[in-house]
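J.: For the sequence shown, the working numbering puts the final residue at 182, and the numbers step up evenly by one.
Everything labelled a hint here was simulated from the structure, so no lab data went into it. Watch out, some of these pointers could steer you wrong.
What the hints assert, rightly or not - In silico EDC-like links for lysine to aspartate or glutamate, alpha-carbon gap of 16 Å or less:
id, residue 1, residue 2
1, 55, 178
2, 44, 63
3, 10, 118
4, 55, 80
5, 10, 80
6, 44, 76
7, 143, 118
As the list claims (entries may be wrong) - FRET-style restraints, in silico, Cβ to Cβ:
id, residue 1, residue 2, range
8, 126, 55, 22 to 32 Å
9, 106, 38, 39 to 49 Å
10, 181, 140, 14 to 24 Å
By construction, the Cβ of each residue, glycine as well, lies at the ideal position given by its N, Cα and C atoms.
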Amino acid sequence: MHLDSLSPKLRTALTNIRLAVFDVDGILTDGHLHFLADGREIKSFHTLDGLGIKLLQRCGIETAIITGRRSPQVEHRAEALGITYLRQGREDKLVALEELWSQNGHGAAETAYIGDDLPDLSAIRASAFGASVPNGHPLVRKEADWVTGAAGGQGAAREFCELILAAQGKLDTIYAEYRGC
Numbered sequence: 002m003h004l005d006s007l008s009p010k011l012r013t014a015l016t017n018i019r020l021a022v023f024d025v026d027g028i029l030t031d032g033h034l035h036f037l038a039d040g041r042e043i044k045s046f047h048t049l050d051g052l053g054i055k056l057l058q059r060c061g062i063e064t065a066i067i068t069g070r071r072s073p074q075v076e077h078r079a080e081a082l083g084i085t086y087l088r089q090g091r092e093d094k095l096v097a098l099e100e101l102w103s104q105n106g107h108g109a110a111e112t113a114y115i116g117d118d119l120p121d122l123s124a125i126r127a128s129a130f131g132a133s134v135p136n137g138h139p140l141v142r143k144e145a146d147w148v149t150g151a152a153g154g155q156g157a158a159r160e161f162c163e164l165i166l167a168a169q170g171k172l173d174t175i176y177a178e179y180r181g182c
């Protein structure tokens with residue numbers, strides 16, 4: 002993983018993460034909006050990201066989605082992945098994040114957030130670790146603590162998950178389990 006490129010302060014912050022929060026459009030999807038002739042929306046999610054989220058959960062890290070849009074596809078995906086907290090239709094992502102903290106007892110020091118656009122910026126800045134993607138808005142990339150190598154919807158969330166797990170010393174054990182060692 003890219004731990005060596007992070008400052009000691011950020012590596013320490015990652016060891017304390019107990020809540021990982023994901024934006025949807027541009028992070029869990031590629032950000033494109035596709036509509037059927039009848040107006041229904043189609044979203045495409047990458048399986049790499051889904052397993053990354055499941056690995057976080059397996060290691061005791063709670064997961065959440067905060068998104069500005071409302072979509073039944075997101076609700077189904079969150080349910081399929083066992084994502085504990087889902088907040089849709091939330092343009093003010095920081096307010097939604099603060100509500101999550103009140104609900105689950107976590108705070109900024111235990112939170113990692115990944116987003117790609119201006120509505121995510123305040124939540125990225127408020128979290129102990131804020132990440133973005135290479136296809137995100139330039140200001141968001143500049144303000145983020147870290148930018149993934151993969152684009153949104155193409156495994157970026159998986160990189161984010163694995164970075165957290167690597168910092169916590171859990172990723173090598175997970176890899177060994179999958180290798181059968």
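J.: Now, for every hint given, state plainly whether the structure supports it.
T.: For each hint, the structure was consulted:
no.: 1; hint: 55 to 178; in the structure: 15 Å, holds
no.: 2; hint: 44 to 63; in the structure: 24 Å, violated
no.: 3; hint: 10 to 118; in the structure: 25 Å, violated
no.: 4; hint: 55 to 80; in the structure: 12 Å, holds
no.: 5; hint: 10 to 80; in the structure: 34 Å, violated
no.: 6; hint: 44 to 76; in the structure: 11 Å, holds
no.: 7; hint: 143 to 118; in the structure: 11 Å, holds
no.: 8; hint: 126 to 55: 22 to 32 Å; in the structure: 28 Å, holds
no.: 9; hint: 106 to 38: 39 to 49 Å; in the structure: 46 Å, holds
no.: 10; hint: 181 to 140: 14 to 24 Å; in the structure: 45 Å, violated
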